[in-house]
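Could you put together the complete structure from these sequences and hints?
In order, the protein sequences belong to chains A and B. For what it's worth, this note's numbering labels the leading residue of the first sequence as 2, then goes sequentially. For what it's worth, this note's numbering labels the leading residue of the second sequence as 2, then goes sequentially.
Careful, some of the hints might be misleading.
You can't tell identical chains apart in this list, so a pair holds if it fits in one copy or across any two.
Under the rule of at most 27 Å between Cα atoms (straight-line distance), these lysine-lysine pairs were calculated in the DSSO-like manner [said to hold, decoys possible]:
(1) 36 - 154
(2) 291 - 408
(3) 25 - 40
(4) 40 - 154
(5) 259 - 295
(6) 154 - 34
(7) 30 - 154
(8) 25 - 408
(9) 27 - 37
(10) 427 - 291
No lab work stands behind these hints, which were simulated from the structure alone. Keep in mind it's a predicted model, so treat the numbers as computed, not measured.
There are 2 protein chains.
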Amino acid sequence: MEAAARTNQNVGVTSWLPLFQNLKDKAAKLGKKLKKIGKEDPRRILHSFKAGLAISLISIFYYVNPLFTSLGSSSTMWAVLTVVVVMEFTAGGTLSKGLNRTFATLLAGALGLAAQRLAALSSHSAGEPILLSVFVFLLAAMATFSRFVPEIKARYDYGVTIFILTFSMVAVSGYREEELIKLALQRLSTIAIGVATCVAISIFVFPVWAGEDLHNLLPANIDKLACFLLGLEREYFGEKMGSGQILEEASFLISTYKPVLNSKPTEDLLANFARWEPGHGCFGFCHPWKLYLKIGALTRQCAYSMEAISSHISTSKNSKVVITDTEFKERIRIACAEMSSETGKALAELATAIRQMRTPSTAVAQHLSNATTASESLKTLSPAKDASLPEILQSATTAFLLSAVVKSAHHLATAVEELSRVAHFKRQDQAHKDSAVKPVAGGESPPHVVVEIEK
Amino acid sequence: MEAAARTNQNVGVTSWLPLFQNLKDKAAKLGKKLKKIGKEDPRRILHSFKAGLAISLISIFYYVNPLFTSLGSSSTMWAVLTVVVVMEFTAGGTLSKGLNRTFATLLAGALGLAAQRLAALSSHSAGEPILLSVFVFLLAAMATFSRFVPEIKARYDYGVTIFILTFSMVAVSGYREEELIKLALQRLSTIAIGVATCVAISIFVFPVWAGEDLHNLLPANIDKLACFLLGLEREYFGEKMGSGQILEEASFLISTYKPVLNSKPTEDLLANFARWEPGHGCFGFCHPWKLYLKIGALTRQCAYSMEAISSHISTSKNSKVVITDTEFKERIRIACAEMSSETGKALAELATAIRQMRTPSTAVAQHLSNATTASESLKTLSPAKDASLPEILQSATTAFLLSAVVKSAHHLATAVEELSRVAHFKRQDQAHKDSAVKPVAGGESPPHVVVEIEK
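Listed below in structure tokens is the structure:
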């Protein structure tokens, strides 16, 4: 029996070993992942320390006796709660949540007190709780409904939650607590201390500005489009065009634009937070963040055309159409190469101009005009007399789709011009003289919100 | 002087009047907006009442004395807080938040107690608060960093917040409170009561299932694409094609696909919530929500091609190219009409199949094969000998882009087939016999999350 038990034990150990190995593998994988996340944007590590710091600072209220007794035990908990909930990655996020929390608490506290006093007027003894329940029900229902308004959802969602919470608490707890006003003031002051701590740490300790992230995200996205176009020119319309091997490589290059297709939520979020941020660095308080959203939308417009080009390329890779009209094909290739390289250069210049906060150079107009000329040159082309439609389409469709990209790039250039005018970007010549223009800190690092790429 | 004062008063009144008028107009506008939001999806009104009900129910704990005294005053507040924060529009949302909150509180409470006991072992009197601060700092920093992992962010973000919160509170407050374990258990039980109330109301009172919303969103989006194609066929490739007036009307019709371009965040959110929901109605617990995301991605793929078609149409509306080769043009028109109408019908049938949870009928394959035949027929076409490239491109590009849509529709049909197989949808013949198949409740109502359409 002893032997049997030992065997069982052995079996136990051996059956646990692969599980242990499995766990070890998973832990190693997780470690690698975490390391990658930290490396991608080191500000994430800093943010984690900042959050830890804020909570530790607030907990000092607990340990330092005079402060603690002046605020009351349960109120101090509210400071901890505030810090945990309000601290966000960007300064704008923290400000947005902090201000929402403070003002919602103020408003709901005052309303709650009023509801409490009103209910106390009721002569009947059961009247007070019934009246209070009705108030809480009505206000909670109305406030909940207001969250379906898209504008409120976008900017004040957190404030509405806090409003319902505080109103319910004040109205309901008033039924029990004697010194309601004193309690409310205590709670408000602890919340204010919590918010002030978070905001101060967000703004003064290695701040992460949502506005700056948005300002860096746009040129990064435009650069991705430029990359696509320049890659297309090099790998697909280069001299060696038509060889299958090159196409294989190209399929890697031409997916650079993909993340741009789904960039809208990130941009909306950053612009929303950026509006809450005070002026900082090169960005004034009234920086035209709305124009950034417009540029973002036009960038996506370009990316949609690129998606069509990319799907055409992957289709024609598999097609068995043999193009016999080589002269026609060659002329189209030259036009396509010109369009993609010139538009790519124009986009790259636009991205640099936004990044350096200067008006786009005249080179943009020059490149775009070259691209337009190439696009117009297609109009004079005639295919050979015996060409069939698929043959023509195979060569010419990319050319047509590229013309669409050229057109979108024109719109994009106009929007960037508008931004540089409204936001008082430096003139090109000034920017050249002024060697003090530094690239914005953390320039290339990706923004906090992860955009998943569709597979 | 009296007269002057009276004049001043009058001026005051008259200068206030427009402001009052302005306010009145704004209020009327807001009222209309709220009414529209309620009409779009009446479940929103129901949800508001449900939220009010949940909070009122919880506040009963306050009024009914025996319950109140058994739980303690400050703990009851936690029940109110839980209800306000956990109650979400969909059952899956409420479950996700409720379970996150409960398990995070449990885990963090246990860890907090352990940290507290560990710190109490310190012999030095100043050692305890210092050790506790270090623990809080480290745990808060690590937990904050974990939120940057996309998988954790998507599913457990709220849980991590609550984890940090509870751990800090238990670790820190342990320094003051004597009966820490009793307090922790009280708090846990109030949170459990709050979560149970929310979950029960979410699931049993007019439930809104995220899964059902997702299940309705997909066919609604596919229908939008079908609408675009059928509208295109009717208004653009109809017999009257070419007349400017028709094009003007068409530009309204052909924007139906636009909301689909940005449907990804809504679908991701709904699928995330749907995973938390128990089996309900026609959906089992392990319903393949992942396949819904795949179908959503393929639907967007179609929409990107439609964006290219739409931009081509608006471009060619302004172009001055006169097409002289009418026979070529007519043959392309017929092919395009066939492709868009057949693909549109196939998409509409796919949407109906998903909506009724049955395998797509053989008509889908028939329609798609017709569309493919029309697309293939283009290959035998030859333009007139004297046709210039822009002339050919103007007529033929839409045809090419439509071929891309036909191809995407094939992929979509395959994915819907896969879904119907994996999710055990009814066979076509069974569905016909079984007259008890009801359209899913709230079938056409748009989902809760508002998708903004880019302008």
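- prompt: How would you label the pair residue 291, residue 408 (within, between, both, or neither) given a Cα cut-off of 27 Å?
  reply: Classified as within; 22 Å inside a copy, 37 Å across copies.
message: With identical chains, the pair residue 25 and residue 40 could be close in the same copy or across copies; at 27 Å between alpha carbons, which is it: within, between, both, or neither?
response: Answer is within; shortest intra-copy Cα gap is 22 Å, inter-copy 54 Å.
field: residue 154 and residue 34: within-copy, between-copy, both or neither at 27 Å Cα
entry: For residue 154 and residue 34, only the inter-copy Cα distance (14 Å) is at most 27 Å; the intra-copy one is 33 Å.
task: With 27 Å as the alpha-carbon cut-off, assign the pair residue 30 and residue 154 to within, between, both or neither.
output: between (37 Å within a copy, 18 Å between copies)
- request: With 27 Å as the alpha-carbon cut-off, assign the pair residue 427 and residue 291 to within, between, both or neither.
  value: Classified as within: same-chain Cα gap 20 Å, cross-chain 49 Å, threshold 27 Å.
field: Up to 27 Å CA-CA - residue 154 versus residue 40, copy category
entry: Classified as between; 18 Å across copies, 33 Å inside a copy.
Same-copy or cross-copy closeness of residue 36 to residue 154 [CA-CA at most 27 Å]: For residue 36 and residue 154, the Cα distance is within 27 Å only across copies (16 Å; inside one copy 34 Å).
- prompt: Should residue 259 paired with residue 295 be assigned to within, between, both, or neither, using CA atoms and 27 Å as the limit?
  reply: Close inside one copy (19 Å) and across copies (16 Å); limit 27 Å.
message: Regarding residue 27 and residue 37, is the shortest C-alpha distance of 27 Å or less found within a copy, between copies, in both, or in neither?
response: within (15 Å within a copy, 50 Å between copies)
query: For residue 25 vs residue 408, is the C-alpha pair at or below 27 Å within one copy, between two copies, both, or neither?
result: Neither: 54 Å inside a chain and 45 Å across chains, both beyond 27 Å.
Comparing the model with each earlier hint shows a violation of hint 8 alone; every other hint is respected.
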